[in-house]
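Enquirer: Line order of the protein sequences matches chains F and S.
Just so it is clear: in the first sequence, position 14 is 13 by numbering that gives the first Met the number 0, and no numbers are missing.
Just so it is clear: in the second sequence, position 263 is 262 by numbering that gives the first Met the number 0, and no numbers are missing.
Read the hints as simulated data drawn from the structure, not as lab findings.
Where a beta carbon is used, it is the ideal one built from N, C-alpha and C, also for glycine.
A couple of the hints might just be wrong.
Stated by the list, open to error - Here are the computed lysine-lysine pairs in the PhoX-like style, where the Cα-Cα straight-line distance is at most 20 Å:
1. Lys231/S with Lys257/S
2. Lys220/F with Lys142/S
3. Lys81/S with Lys123/F
4. Lys219/F with Lys231/S
5. Lys127/F with Lys163/F
6. Lys8/S with Lys111/S
7. Lys257/S with Lys220/F
8. Lys30/S with Lys74/F
9. Lys231/S with Lys142/S
10. Lys159/S with Lys74/F
11. Lys155/F with Lys80/F
12. Lys80/F with Lys142/S
13. Lys187/S with Lys159/S
14. Lys30/S with Lys77/F
15. Lys77/F with Lys88/S
16. Lys219/F with Lys257/S
17. Lys74/F with Lys111/S
18. Lys274/F with Lys187/S
19. Lys77/F with Lys231/S
20. Lys65/F with Lys163/F
21. Lys111/S with Lys309/F
22. Lys257/S with Lys216/F
23. Lys80/F with Lys219/S
24. Lys159/S with Lys219/S
25. Lys231/S with Lys74/F
26. Lys111/S with Lys71/F
What the hints assert, rightly or not - Output of the computed footprint for chain F on chain S, the stretches with three or more beta carbons under 8 Å from beta carbons of chain F:
27. 17-25
28. 50-58
29. 230-239
30. 242-251
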Amino acid sequence: MSMEIKSIQKDSLDKLFNSLKSRGNLIYAPVKVKNEVQFDFVEKFEQITDDFIQTTQSVKNSVFPKIETLFKFVKTGKEVKMLDMDMSLIPEIVIWGIHPCDVWGFDSLRAIFTWDTHDMFFEKRMDKLTIIGMSCAKADDYCFCTSVNLGPGSTKGSDVLLTKTGNGDYIAELVSDKGKALATSMPDVFVQAVQSKKEDFLVVVEKRFDSESLIPKMQKKETFDSPFWVTNSLRCLGCGACAYVCPTCACFDIQDEGYGARNIRFRCWDSCGLKQFTIHTSGHNPREVQSQRWRQRLMHKFAYMPERNKVTGCVGCGKCSRACPVDMNIAEQLQEIDQKM
Amino acid sequence: MSSIENIYKPYLMRVEKITNEAPDVRTFRLKFANPEDAASFSFKAGQFGEYSVLGEGESTFCIASAPTRKDYIECTFRRVGKVTSALSKLEEGDTMSFRGPYGNIFPIEDWKGKNLLYIAGGIALPPMRCVIWNTVDLRQDYKDITILYGARTVADLVYKHELQEWTDRPDIKLVTTVDPGGETPDWKGEVGFVPTVLEKMAPSSENTVAIVCGPPVMIKFTLPILSKLGFKDEDIFTTLENRMKCGFGKCGRCNVGKVFVCKDGPVFTLAQLKELPQEY
Chain F
0 MSMEIKSIQK DSLDKLFNSL KSRGNLIYAP VKVKNEVQFD FVEKFEQITD
50 DFIQTTQSVK NSVFPKIETL FKFVKTGKEV KMLDMDMSLI PEIVIWGIHP
100 CDVWGFDSLR AIFTWDTHDM FFEKRMDKLT IIGMSCAKAD DYCFCTSVNL
150 GPGSTKGSDV LLTKTGNGDY IAELVSDKGK ALATSMPDVF VQAVQSKKED
200 FLVVVEKRFD SESLIPKMQK KETFDSPFWV TNSLRCLGCG ACAYVCPTCA
250 CFDIQDEGYG ARNIRFRCWD SCGLKQFTIH TSGHNPREVQ SQRWRQRLMH
300 KFAYMPERNK VTGCVGCGKC SRACPVDMNI AEQLQEIDQK M
Chain S
0 MSSIENIYKP YLMRVEKITN EAPDVRTFRL KFANPEDAAS FSFKAGQFGE
50 YSVLGEGEST FCIASAPTRK DYIECTFRRV GKVTSALSKL EEGDTMSFRG
100 PYGNIFPIED WKGKNLLYIA GGIALPPMRC VIWNTVDLRQ DYKDITILYG
150 ARTVADLVYK HELQEWTDRP DIKLVTTVDP GGETPDWKGE VGFVPTVLEK
200 MAPSSENTVA IVCGPPVMIK FTLPILSKLG FKDEDIFTTL ENRMKCGFGK
250 CGRCNVGKVF VCKDGPVFTL AQLKELPQEY
């Protein structure tokens with residue numbers, strides 16, 4: 000797909016926001032909440048901030064909600080009736096100002112949710128997304144997007160990618176057909192490009208390792224059997240925070256819940272890092288110690304997904320490392336594997 | 000599969016018949032509540048499903064009836080956890096749900112013209128019953144069919160009626176055994192652990208496939224004996240029972256190495272298992 004480049008003047012950005020809003024979209028954008036920046040549904044352009052490196056949480060909630068009701072059911076005496084969810088209620092959402100790493104997280108999720116069998120909840124929600132990405136002008140030591148074939152200005156997965164230039168105007172790359180259509184529909188916002196070289200405005204993210212070289216190493220039996228995993232997970236609490244904030248972690252549980260006549264079966268986030276994830280009713284647990292569970296998390300992302308789902312299950316955002324209560328750093332560990340194995 | 004289909008939505012099933020097999024072990028014969036579902040449903044030996052009392056969650060069992068027996072499916076389960084406790088409380092005529100079939104199959108086409116040696120322990124006969132009946136129903140396609148089945152005690156043997164039926168058939172060789180101390184005064188079968196009895200039986204590995212399913216300790220001691228008898232790793236089959244939720248390779252629970260037990264299994268050869276990390 001050939002990419003078109005336009006410009007958006009700094010004063011026009013709110014026009015873009017208001018047009019999208021007036022077309023009935025919900026807008027999910029970064030807002031400042033106390034000392035953090037989080038994505039939330041916003042009503043006014045002024046609520047949005049672009050002054051952040053990473054949000055604590057990813058935006059996967061928009062297509063893979065923490066709790067997704069799969070169907071409802073009603074029990075009357077011995078009769079059971081199942082009721083479908085009304086998929087037409089899924090709203091059109093614009094994800095605004097999302098960084099390239101988070102954007103590419105959707106690709107990992109898609110690889111899982113459309114693998115052979117198609118998950119209609121995910122697909123429907125994904126169809127309703129418009130993604131307006133924002134290149135990164137800032138990074139920190141936790142960022143490692145360049146190690147996993149991404150970068151602070153990566154257009155992969157965005158419909159439109161904005162890069163803020165020195166004078167405050169934006170370079171707008173129209174990546175997808177959806178992005179092009181959006182630009183065509185707002186000719187007064189997307190104007191002729193005055194500037195197209197975004198590299199000068201991107202932060203430099205040091206490459207810690209190379210996923211192309213790391214993946215075959217992760218797939219070696221010696222790596223799986225290495226004492227590395229015990230040594231590097233001794234302090235892991237098994238809290239699951241890493242999976243909770245991860246843009247690509249897709250493991251889930253299926254549960255039933257009843258509120259009188261209102262019963263639902265739902266899917267909710269789960270994590271391979273939690274002890275209960277694999278435990279059998281008999282008490283047998285195939286991954287009985289935390290080092291096995293930590294190994295599973297990294298193996299799934301860097302050994303199994305590349306082979307089975309043809310994607311790397313990591314976008315180098317570093318959210319897991321920032322959220323970890325005992326400061327386990329995924330980039331450091333992957334770097335060590337890439338260097339030593 | 001169409002993308003507008005809700006892959007999580009189960010079939011509603013009517014519990015047609017309940018058989019008490021052993022203490023806390025029951026077999027349900029299930030019929031589709033909707034005749035259209037019954038008409039479109041098909042499965043093959045080795046596949047599994049998610050069974051549920053709506054409101055109590057889902058539980059994973061192999062389909063225990065043979066695909067050659069139409070109109071119904073059966074499952075056999077032991078009351079252990081939340082879902083199986085809820086299932087245990089159901090009565091004939093009640094409604095429950097079923098999702099499936101999922102997973103791969105026993106390659107019974109490839110076994111044609113061979114001897115079949117089934118080895119099962121305890122509650123692991125149910126996941127094997129489907130393929131046993133399937134091959135017994137196609138009896139002329141196979142040479143000798145031998146079944147070795149062991150349980151802790153006589154009371155713990157499941158499918159007692161069928162064990163009798165297999166005993167009475169001249170074209171099936173059935174050996175039953177109970178653990179020492181588990182016998183009753185009138186017990187006519189063997190006394191001893193499955194691996195020990197297998198060693199004594201010493202079945203030929205010539206043109207034979209072995210299908211083994213049982214508790215980990217039984218598997219652990221049975222496999223070396225099969226190897227000693229000359230069975231190749233490619234000719235030893237088993238079905239894994241990892242914890243599962245979705246059944247189609249998404250929820251992540253049954254991931255072992257690069258394999259998903261629900262998608263790539265549950266049927267594996269010993270040769271395939273040896274390639275996997277021991278996380279099952």
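Enquirer: With the threshold set at 20 Å, check whether the alpha-carbon distance from Lys30/S to Lys74/F stays at or below it.
Expert: With a Cα-Cα distance of about 19 Å, the restraint between Lys30/S and Lys74/F holds, given a limit of 20 Å.
Enquirer: Counting residues of the stretch 230-239 of chain S with a beta carbon closer than 8 Å to any beta carbon of chain F, are there 3 or more?
Expert: violated (count 0)
Enquirer: Hey, Lys80/F versus Lys219/S, does the alpha-carbon distance stay inside 20 Å?
Expert: Since the Cα atoms of Lys80/F and Lys219/S sit roughly 45 Å apart, the hinted pair is violated (cutoff 20 Å).
Enquirer: Is the Cα-Cα distance between Lys74/F and Lys111/S 20 Å or less?
Expert: Violated: Lys74/F and Lys111/S sit about 47 Å apart, past 20 Å.
Enquirer: Is the Cα-Cα distance between Lys30/S and Lys77/F 20 Å or less?
Expert: holds, 15 Å
Enquirer: Would the hint linking Lys274/F and Lys187/S be met if the CA-CA limit is 20 Å?
Expert: Roughly 44 Å between the alpha carbons, so the hint for Lys274/F and Lys187/S is violated.
Enquirer: So if I understand the rule, the pair passes when the alpha-carbon distance is 20 Å or less; does Lys257/S with Lys216/F pass?
Expert: holds, 14 Å
Enquirer: Sort out whether Lys257/S lies within 20 Å of Lys219/F, counting only the CA atoms.
Expert: holds, 12 Å
Enquirer: Decide if the proposed pair is consistent with the structure: Lys231/S and Lys74/F, CA atoms, cutoff 20 Å inclusive.
Expert: Distance ~52 Å between Lys231/S and Lys74/F Cα, so the pair is violated.
Enquirer: Lys155/F and Lys80/F: Cα distance at most 20 Å?
Expert: The given pair, whose Cα atoms are some 43 Å apart, is violated under the 20 Å limit.
Enquirer: Count the residues of the stretch 17-25 of chain S whose Cβ falls closer than 8 Å to any Cβ of chain F, and tell me whether that reaches three.
Expert: violated (count 0)
Enquirer: Is Lys111/S close enough to Lys309/F, meaning Cα to Cα at most 20 Å?
Expert: violated, 36 Å
When the structure is compared with the earlier hints, violations turn up for hints 1, 2, 3, 4, 5, 6, 10, 11, 12, 17, 18, 19, 20, 21, 23, 24, 25, 26, 27 and 29 and for no others.
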